[in-house]
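Construct the complete structure from the given sequences, taking the supplied hints into account.
What follows is each chain in one-letter form.
Number of protein chains: 2
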Amino acid sequence: MKFLTNEKLVISGAAGMIGSNMAQTAIMMGLSSNICLYDIYLPGLEGVVEELRHCAFPGINITFTDKVEKAFKDAKYMVSSGGAPRKAGMTREDLLVGNTKIAKQLGEDIKQYCPDLKHCVVIFNPADITGLVALVYSGLEPSRITTLAALDSTRLQSALAKHFGIAQDKVTTPRTYGGHGEQMAVFASTAKIDGKPLTDIIGTPALTDEQWAKIKQDVIKGGAKIIELRGRSSFQSPSYVSIKMVGAAMGAEKFEWPSGCYVNNSQFKNVIMAMPSMIDAEGVHYKDVKGNATEMAAIEASYKHLQAMRDEVISLGVLPPVSEWKKYNPHL
Amino acid sequence: MKFLTNEKLVISGAAGMIGSNMAQTAIMMGLSSNICLYDIYLPGLEGVVEELRHCAFPGINITFTDKVEKAFKDAKYMVSSGGAPRKAGMTREDLLVGNTKIAKQLGEDIKQYCPDLKHCVVIFNPADITGLVALVYSGLEPSRITTLAALDSTRLQSALAKHFGIAQDKVTTPRTYGGHGEQMAVFASTAKIDGKPLTDIIGTPALTDEQWAKIKQDVIKGGAKIIELRGRSSFQSPSYVSIKMVGAAMGAEKFEWPSGCYVNNSQFKNVIMAMPSMIDAEGVHYKDVKGNATEMAAIEASYKHLQAMRDEVISLGVLPPVSEWKKYNPHL
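Chains as they are written, first to last, in the working numbering: chain A, 4 to 335; chain B, 4 to 335.
Careful, some of the hints might be misleading.
Note: identical chains are not told apart, hence a pair may lie in one copy or across any two.
Simulated pairs of lysine-lysine, PhoX-like, Cα-Cα distance not exceeding 20 angstroms [said to hold, decoys possible]:
#1 K257 / K307
#2 K5 / K257
#3 K173 / K5
#4 K70 / K224
#5 K76 / K330
#6 K195 / K219
Hints are computed from structural coordinates only; laboratory data are not their basis.
Here you go:
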């Protein structure tokens, strides 16, 4: 097999359903011939490695360890799914305390063992906050950490395609911005339906206001719906999409769905949120969010919600006050 | 995305862990833009389809149904993982009866709904027998049905590579033949270790007879080891390898690991077993098994075991006597 690079790619949380799928996906995409699987649960991790070895992928070196110092040493790329999973009835925010502590440790471990990390995708929820915590403690440049947010936009694409009975890729640039939680801002003005602006269709018999409101709700509840249907959290879509993200940072196809990224400009301050963005080998790049008045109100509300969650994590003592972030990360 | 074909690929049993991974794997390999997921458990199936839609693969039409007549109509390729797993309290015979009945139905459904099927890979256990039952009732040419057997050989490759501390692909043409159960025949004479015949190494300090016996046992128990480590049956390796098999039949890279295929020659009669074989767009091709005296005794024992299982299924009334197979399948 041909691989894009032999720089070390670390999958953190590799014993789990998402992590094990990420490993298989990354290998199948031919990203790195040097892949290290890390998890604190060694038997499960060994089982995953055995399964991957039984696939007999040629030309690859799969290593694994339950020791973070060994896993992260010389790592150049990383995807971390290393949080606790969301259970039925739990919101992403319920996971806040436990997972932000894990994120703090992740950031500290990056700073200690792989400060030259080129890109890290953080996907454990609430990802906007865990990614932010990891960023502050890692000392990495903000362009080098992204969080999984695109699933909200791909869910919007899927829901619109189903409504109109068309191929999914005929729904172009559907976008949600802001938080990857229930306070996300679902945009209409970016999307086209087979070339026609979605905003020209909403409020007509082809897509009534009520139907559009229902689609937005379905997008927001997209993750919960998977739990209801499969009896477990989604794992195939988060793993596939997050590997596409890290792959873009490794020089594969650019990732043009929204990523969660650190924003600190005139619009929004000191948060990670889904933005109009692109990941390439230089990291993540973002532009200002633009939308109509309703959409800008929604993104403002989502931003305020993220600020409040961030401030809650500060008050819990897991994050330092914003004014002190520079002490931990000079790039902020 | 570019796909190899737009001929219909059916994943049967797609709501399960193996089937859902197969669907993702087949799409990522770019096999068919026309993939139909079939399972009798509709909510789980819908959850899998939702996850795949959230991956936003471009250029693909993913359909799904719990109706076999709709799923199999116009199918050209199929992988079937649609058996029941062995549950607590079930005897081996209970599993045999249950899964061979499912295999009979599979064969009848193929005959009724997609007699032009070009290739079907059967992977539910005991695959040598379920594949045989499906073959008899399907009416397909024997070259068009294969069963998953390669994992035994890839496990042998992995175990030898670990023992010698070398890259896995430095162990070339490791092979097991015969049954895909505990009566498999693990061969030594086919394999080379970094270019050196394995038979020249066995019985030397580099690989003592005891160590070789242990490796053979580890290969035979490879599936059970995954259950012990992961707390569930293997699903990533069977799905990846079976999709490689059907992909080869669709015109992708030839599959040169052993496949279970129907054998009826001077050596072995009227069984499906792992053979020196190759799958390409014409189906599966096999050669005679060759080995040293020990290996030929092992393959003979494995064959006799498969014959006995086949005859048990005949005595249970699920398969007709061999003399009547032609009435069901003129190609046999």
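Hints, verified against the model:
1. K257 / K307: Answer is neither; intra-copy 30 angstroms and inter-copy 56 angstroms both fail.
2. K5 / K257: both (19 angstroms within a copy, 17 angstroms between copies)
3. K173 / K5: Answer is between; shortest inter-copy Cα gap is 16 angstroms, intra-copy 32 angstroms.
4. K70 / K224: neither (36 angstroms within a copy, 28 angstroms between copies)
5. K76 / K330: This pair counts as neither: shortest intra-copy Cα distance 24 angstroms, inter-copy 65 angstroms.
6. K195 / K219: For K195 and K219, the Cα distance is within 20 angstroms only inside one copy (16 angstroms; across copies 59 angstroms).
Hint check: violations occur at hints 1, 4 and 5; the rest are consistent with the structure.
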